[in-house]
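There are 2 protein chains.
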Amino acid sequence: MAMTVLRLGHRPFRDKRISTHCGLVARAFGASELLYSGEKDSSLEDSINSVSREWGGSFHVRYVRKWKDIIKEFPGKSVHLTMYGLPLQTRIREIRKHQDILVIIGGEKVPSEVYSLSDYNIAVTNQPHSEVAALAVFLHEYFESRELSFDFPEAKKRVIPRERGKLLEEDAEHSP
Amino acid sequence: MAMTVLRLGHRPFRDKRISTHCGLVARAFGASELLYSGEKDSSLEDSINSVSREWGGSFHVRYVRKWKDIIKEFPGKSVHLTMYGLPLQTRIREIRKHQDILVIIGGEKVPSEVYSLSDYNIAVTNQPHSEVAALAVFLHEYFESRELSFDFPEAKKRVIPRERGKLLEEDAEHSP
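Keeping their order, the protein sequence lines are chains A and B. Quick note on numbering: the first sequence equals residues 1 to 176 in this note's numbering. Quick note on numbering: the second sequence equals residues 1 to 176 in this note's numbering.
If you're looking for bench data, these hints aren't it; they were derived computationally from the structure. Careful, some of the hints might be misleading.
Identical chains blur together in the list; that is why a pair holds if it fits in one copy or across any two.
[Unchecked claim] Taking lysine-lysine and the DSS-like style, the derived pairs with C-alpha atoms no more than 25 Å apart in a straight line are: (1) LYS40 x LYS16; (2) LYS16 x LYS109; (3) LYS72 x LYS109; (4) LYS66 x LYS166; (5) LYS72 x LYS97; (6) LYS156 x LYS166; (7) LYS68 x LYS166; (8) LYS109 x LYS77; (9) LYS66 x LYS97; (10) LYS156 x LYS72; (11) LYS166 x LYS77; (12) LYS109 x LYS166.
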């Protein structure tokens, strides 16, 4: 099983925080990899990689120049998240049958080819909102809430859930 | 029933896009109002209000200076979304019993009082990711997916969902 997220058209100055949120959501909600096109941005990669190093798991982030080839050559099904697509709730059962998924999220301007190259164009509501939210709700529905309790092996930091305040468990070798 | 979102500590330069996404997610996923503290930002308000004007519904955005009073005086239950809180899946049934909800989402630094003032501190995974994603998944769970087909009255623009491409219906008086 592979869940890969492809973020299109990243612009380092304008999109850094949104793309970072997309990467962290991809990781936290069970994807194994973030691919991104647009402009290469080492600081985006560093932000996401440093979270992975501290919080465990084996999430990767990778810049890709030829995003069309990524979609065309993907061995599973590609799902483009767009407010113009078919409602998530009408297609999610069918999509869940597939094990290898490439979730595509656009930036400001999505080239029209994305709509034709993707196996599915799916809307998480038909209202304008956020690719970060669309990605999270899609993964949440795909994994049927199981992602809420996924384990991240080899974490150096781990939250101990509490009713009030913060409790963080850290590896002895990384404590002060 | 009132679902209100309170975004803490907005900084116009750094947070504009993330706070805009929070506002648009709040609106698209069934909240009626975004309150925000930090610095007042007319362009944040304009971005969200212009979406509401075009896409319908009666969503409001309002700057608040005294965020503590907002939490203290809220007539329903306040739910602070934080990665340090109790897992969403263990508390959502209980929270759903309440009709009036104030969802609190922080910025970079959340004052520790937020944890004690809130009725619930809830984690959407205990991993670091995004307040935009946490808000979306919380509302999605609270409304049990019904928000995916909420109607937005008096919309000037409406998407006609399609398998490929974009189809947008616009009011005659607003067409070119």
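Status of each hint after checking the structure:
1. Both within a single protomer and between protomers do LYS40 and LYS16 lie at most 25 Å apart by alpha-carbon distance, with minima of 11 Å and 23 Å respectively.
2. Proximity of LYS16 to LYS109 under the C-alpha cut-off of 25 Å is found in both arrangements, the shortest distances being 16 Å within a copy and 19 Å between copies.
3. With identical chains, the CA atoms of LYS72 and LYS109 are at most 25 Å apart within one copy only, with a shortest distance of 20 Å there and 42 Å across copies.
4. For the identical chains of this complex, LYS66 and LYS166 are inter-copy neighbours only, at 24 Å across copies versus 43 Å inside a copy, given an alpha-carbon limit of 25 Å.
5. Proximity of LYS72 to LYS97 under the C-alpha cut-off of 25 Å is restricted to the intra-copy arrangement: shortest distance 20 Å within a copy versus 47 Å between copies.
6. Proximity of LYS156 and LYS166 under a CA criterion of 25 Å is satisfied intra-copy only: 16 Å inside one chain copy versus 45 Å between copies.
7. In this assembly of identical chains, the alpha carbons of LYS68 and LYS166 lie at most 25 Å apart only when taken from different copies (20 Å versus 44 Å within one copy).
8. With identical chains, the CA atoms of LYS109 and LYS77 are at most 25 Å apart within one copy only, with a shortest distance of 23 Å there and 39 Å across copies.
9. Taking the shortest alpha-carbon separations for LYS66 and LYS97, neither the intra-copy value of 28 Å nor the inter-copy value of 49 Å comes in at or below 25 Å.
10. In this homomeric assembly, LYS156 and LYS72 never come within 25 Å of each other (Cα to Cα): the closest approach is 37 Å inside a single copy and 37 Å across copies.
11. For the identical chains of this complex, LYS166 and LYS77 are inter-copy neighbours only, at 21 Å across copies versus 40 Å inside a copy, given an alpha-carbon limit of 25 Å.
12. With identical chains, the CA atoms of LYS109 and LYS166 are at most 25 Å apart between copies only, with a shortest distance of 13 Å across copies and 40 Å within one.
When held up to the earlier numbered hints, the structure conflicts with 9, 10 and fits the remainder.
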